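**Q** Taking my numbering, I'd label the letters of the sequence shown as residues 1 to 655.
Keep in mind that the hints are not guaranteed to be accurate.
[Unchecked claim] DEER-style ranges, computed between Cβ atoms: (1) K302 / T415: 29 to 39 Å; (2) K583 / K364: 40 to 50 Å; (3) E145 / K483: 26 to 36 Å; (4) T510 / T244: 20 to 30 Å; (5) L593 / N94: 22 to 32 Å; (6) T594 / K302: 39 to 49 Å; (7) P139 / A384: 52 to 62 Å; (8) G151 / T482: 32 to 42 Å.
Calculated from the structure, these hints are not laboratory results.
On a predicted model such as this, the values are computed, not experimentally measured, just so you know.
Ideal Cβ positions, reconstructed from N, Cα and C, are used throughout, including at glycine.
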Amino acid sequence: MHVSHTIPEAVIDGADDADVVAAPDLSGFTKAALHADATAHGSSMHRRRMSAEHIARIRRKRRRRRILIAVGVLLLALIAYIAYIGWSAIKVKNAVTQALQGATSAQNAINSGDPSAIAGAVGQLSQGIDAAWNETSSPAWAPLEWIPYFGGDVATARDTIDILHDVSTDALPGLARAASTLKLDSISVKDSTVSMPGLAASAPDLAQAASSLNEAKVELNNLSRPHIGQLADALDKARSGFDTIAGTVDVFSRIAQTAPSMLDLNNQDERTYLVIAQNNAELRPTGGLPGSWGTLTAKGGKLTLSGFVPETDLPLLKEPVSEEDSEELGLFGPNLTLKPHDVNFTPDYPRAAKIASDMWKKAKGQQVDGVIMIDPVLLQNLLAVTGGFTSNGVTFDGTNTVKLLLHDSYFQHLTPNEQDALFSMVAHDAFMHVLSASNGQSVALIKAVMNSVNDGHLYVWSASGDEQVHISGTAISGELETKPAEPTASVYFSDGTQGKMDWYLDRTVTAERVASPDGDEGSERYTLHVTMRNTLAASEVDSLPAYVSGEGMSERDASIKPGEIVTMVYVYAPAEGRMTGWKLPGDAKFDMLTTHKELTVAAKKVTLKPGESYSFDVTVAASPKGSGAGLTVRQTPRIDGKPSVQWISSKKDDQ
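All chains, please: the whole structure from these sequences, using the hints.
**A** Rendered as structure tokens:
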């Protein structure tokens, strides 16, 4: 029998390393047989034996083939992954766009008071957020965070959507229920009676939604800003729209918690409030001289307004109604708690309101349940909705009320007492007109009130601690901002002329983010620019009534000349922040650098001749707790329609 012992090439190529180097099993053959067989077949075994070099070459070839296959598989997987992420990113972008449209629609729907539109917009917002979260929460997105430099941007985007998804789960369902319960378009003031159907029932849902939204707002503001410009812009828009919604819901939640009791909507506890009309022609930090005082009674939602009396009808006190601390005495003097027209020397409205309520009780023997401060700008904003009215032969409307009260009326050659009586009468008549002529315009009125509140033309303080808790922290509270995580710098102005010259005072307060020095990590810095100008022309001085210029006032500083405007300026640094520098004309210094309610404050007395200007800069550092939150800048409410509050980004490249 002939047996061939030649090893086929195919076997060699497909064999394992151990098979190639092992000798054939020759145990069944004799040496003679092997020799004879080899001789007969040309010694084929000898010809097929591979060298070590040949074997190594085979190994290298095999390794290259395996590497190429692995690389190919990886490339295909990477291409598939990139394609998936690209498609997923497009879906996220579309979902975020849908959410932004929903947020805008929700805000517009709230402004219009349409419950069905609110529910639809909230649904659109929720669907957009959920769709974006479904994509970015996928495990496929996690590896993107490992990319150097840009991985942080991906993490920020995912964190943002995670936060918004929590809102979608925790807040939006309750907000949708509240929208169906609280009929904004049914809120009305008819025959001096306020009706707010569904307000009390919506309170729990609004409170839950507001809490979730406010928590998310803080978390969003604490996220770092992405490096990628388009992503950063998109997230900024999302946060801005979200902040607007959060602020609106917070306001309605607080109204739902307080209005039923404060307005006695359930006819359980009649309330009486002191109402003070401020005269902005003589500046005070909260707006103007508290010139006219009256009371507002709420019983079962029906509002009754008493006649206003000039502050000159209230007695000047010999003993303070409450004790001033050393900070107040140093900044505002002893008149804060002695004279009714000086109760708002302090910019801290709750403090001013408490002093005013104590003075009213001492003068009239009446304990009030709270204090409301208004000004002509609020009246003008409300009259723009309800239409004008005529008082004492003069028509006041939504375009001329401020000018008539703060300027034109002073040139009618009235005595100071007649002027005070006119101001009090108009304040009363305007309020009564609004209460009786606002039927069917509830949404527009709410919007006018909210805009006025945001710009400081309406303040409310409640003597009830439970109610004041809900008022506190909002624009309507008028309190000093003492939250380090929400940095706020303020500039307040207070008249020192003892006239009505502030109609002619043009003032601007702007701010910009500036670089923080090395070693000041997290403590962001901003420079405030304050400019004041006396717009009165020298040729107009002789035409000023003495009541306007302040000439002849008993306590007036004799060094003040007619036509001059004297103003005390107070600059407040952010909570737990500080002032790091300032630049006043001629290397001047502040008159005082002290603290007020743990806030650093600088004070300067400025005197402006007709046509003269004065400018200075102050640089403030915010608390590290407010890193990334930006800076809110407040000033004494303006009368020219311009906002008195602005927000400055914490990023210099956003300016």
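**Q** All hints are to be evaluated individually against the structure, with a verdict given for each.
**A** Checked hints:
1. K302 / T415: 29 to 39 Å: Given a distance of about 37 Å, which is inside 29 to 39 Å, the answer is holds.
2. K583 / K364: 40 to 50 Å: Holds, since K583 and K364 (Cβ atoms, about 48 Å apart) stay within the stated range.
3. E145 / K483: 26 to 36 Å: Since the Cβ atoms of E145 and K483 sit about 32 Å apart, the hinted range of 26 to 36 Å holds.
4. T510 / T244: 20 to 30 Å: 22 Å, holds
5. L593 / N94: 22 to 32 Å: For N94 against L593, whose Cβ atoms are near 54 Å apart, the range 22 to 32 Å is violated.
6. T594 / K302: 39 to 49 Å: Once the Cβ atoms are compared, 47 Å apart, the range 39 to 49 Å for K302 and T594 holds.
7. P139 / A384: 52 to 62 Å: For P139 and A384 the Cβ distance comes to about 56 Å; the hint holds.
8. G151 / T482: 32 to 42 Å: Holds, at about 38 Å.
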